[in-house]
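K.L.:
This is what each chain is made of:
Number of protein chains: 2
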Amino acid sequence: MIRWQEMDATVERLLTAAREVFDEEGFRGATTRKIAARAGVNEVTLFRHFASKEELIGAALARGHAEAVARLGAAPLPEEPADLDAELRPYLRMVLQAFAGAGRGVRTALAEWEHLPAYHAWLLGPSEAVMDRLRRYLAAAARAGLVRPGADPDAVTHLLVAALFSHGLLPPMMPGRFPGGPAASFERCVDIILDGIRPEPEEVSR
Amino acid sequence: MIRWQEMDATVERLLTAAREVFDEEGFRGATTRKIAARAGVNEVTLFRHFASKEELIGAALARGHAEAVARLGAAPLPEEPADLDAELRPYLRMVLQAFAGAGRGVRTALAEWEHLPAYHAWLLGPSEAVMDRLRRYLAAAARAGLVRPGADPDAVTHLLVAALFSHGLLPPMMPGRFPGGPAASFERCVDIILDGIRPEPEEVSR
DNA sequence: GTATCATGCAAGCGCTTGCTTGCGCGTGAC
DNA sequence: GTCACGCGCAAGCAAGCGCTTGCATGATAC
Numbered sequence: 019m020i021r022w023q024e025m026d027a028t029v030e031r032l033l034t035a036a037r038e039v040f041d042e043e044g045f046r047g048a049t050t051r052k053i054a055a056r057a058g059v060n061e062v063t064l065f066r067h068f069a070s071k072e073e074l075i076g077a078a079l080a081r082g083h084a085e086a087v088a089r090l091g092a093a094p095l096p097e098e099p100a101d102l103d104a105e106l107r108p109y110l111r112m113v114l115q116a117f118a119g120a121g122r123g124v125r126t127a128l129a130e131w132e133h134l135p136a137y138h139a140w141l142l143g144p145s146e147a148v149m150d151r152l153r154r155y156l157a158a159a160a161r162a163g164l165v166r167p168g169a170d171p172d173a174v175t176h177l178l179v180a181a182l183f184s185h186g187l188l189p190p191m192m193p194g195r196f197p198g199g200p201a202a203s204f205e206r207c208v209d210i211i212l213d214g215i216r217p218e219p220e221e222v223s224r
Numbered sequence: 019m020i021r022w023q024e025m026d027a028t029v030e031r032l033l034t035a036a037r038e039v040f041d042e043e044g045f046r047g048a049t050t051r052k053i054a055a056r057a058g059v060n061e062v063t064l065f066r067h068f069a070s071k072e073e074l075i076g077a078a079l080a081r082g083h084a085e086a087v088a089r090l091g092a093a094p095l096p097e098e099p100a101d102l103d104a105e106l107r108p109y110l111r112m113v114l115q116a117f118a119g120a121g122r123g124v125r126t127a128l129a130e131w132e133h134l135p136a137y138h139a140w141l142l143g144p145s146e147a148v149m150d151r152l153r154r155y156l157a158a159a160a161r162a163g164l165v166r167p168g169a170d171p172d173a174v175t176h177l178l179v180a181a182l183f184s185h186g187l188l189p190p191m192m193p194g195r196f197p198g199g200p201a202a203s204f205e206r207c208v209d210i211i212l213d214g215i216r217p218e219p220e221e222v223s224r
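Here the protein sequences line up with chains A and B, keeping their order. To get my numbering, take the position in the first sequence, counting from 1, and add 18. To get my numbering, take the position in the second sequence, counting from 1, and add 18.
Some hints here could point you the wrong way.
Since the list gives no way to pick one copy over another, a pair counts as held whenever it fits inside one copy or between any two copies.
[Said to hold, decoys possible] Derived pair list, reagent style SDA-like, types lysine to any residue, alpha-carbon separation capped at 20 Å:
1. K52 <-> E132
2. K52 <-> E38
3. K71 <-> H133
4. K71 <-> H138
5. K71 <-> R81
6. K71 <-> R46
7. K71 <-> G47
8. K71 <-> Y137
9. K52 <-> V62
10. K71 <-> A27
11. K71 <-> L134
12. K52 <-> R66
13. K52 <-> H67
Note that these hints are calculated values from the structure, not bench results. Fair warning: this is a prediction, and the values are worked out from it, not measured in the lab.
Produce the complete structure using the sequences and hints provided.
P.N.:
Below, the structure written as structure tokens:
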């Protein structure tokens, strides 16, 4: 009989280690020796559970993808927008946190993008999900008259994602450029975006 | 007597090749054999001109940095802002073009950031210059009453850079997400930002 | 004509990479 | 008790890495 408990523990440690090392060093830099060492496991054991380094990292990324989707799903946007400020901000805050947490990995993924077509779905999935959700929400908000008619939902989505993107990735590289911390800076950016898409005062009052 | 003409030609080809391969493959992936092959030069010749791979890539990045600064300097912003729309848009357009052109290299640089401290100045310099210039311009515009008082120049700068950043890097990875092309999408984002920082109509008319 | 110098070519060094082989140990199942 | 199974350990393989050496070649300078 298979001792699932032990095997799972080893596989688990390997997956976690693979994810961590991949995040820090990229695919090329994530050597099987480093991964095995971080997992506290012999390198041979790695190859007993996974046919190749490619398969191991693929499995690790798939698990990370699943976790990210689950985390993002826990921050839902209402289907019927009522108050942009009150609804969008908590959602964006949660997404930014998830994004910043994965920031190191996102950066390495960006770099080796063309070399890792097999992983595109896992790497891009969460971002695509956020973009789709935001777009749908903003389109509904526009229909409900909560957004100035001229503001294209696609463009607003891009702008929000751009802010998420840069505030999730850049702070470690440009410390000092985010006075008050990345979170506060992000909040100020959202202020401007929301100001830019708010309906004219006249339209609201009348 | 040294034949500068030939030697320069070889060094030139090596620098160009090093830059290209580094952009595509990163530092680890840019092997001396690949660089020499792309330059159409024997690998030994590479080491006759540069003490090490690290020095060669450093020189190539320094040249790229100089070129980028020169290109960005050709798109000046006035010291005394008069018309945000008319002045900011051409500048941003030019920066976006420069950014998109360097996009591949920026992505690899992002990934290996922590591993290449020696290159930070070369890699980050142009972006820092753009941020400083934008910040100065926006602060002056705020003083001139061209920007709504609530809009923090730092936040506006961040938002503009975020839009530049994402529109320069993401299109190759998410084709189809930029209907009408990245340039048009970027323009729409700038629309929203400018709308978000414009002074209230009442303030202007009175 | 001869000296000089950039370059090409063949070969190889020591090291790291992904991955394999063979063997021995300990634990749990029956 | 013994058998199966997960694992560690030592060793090694072919390939690729950065970098070096020695020698031949061809163009230029004087």
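K.L.:
So which of the earlier hints does this model not fit?
P.N.:
The structure conflicts with no hint, since it agrees with every one listed earlier.
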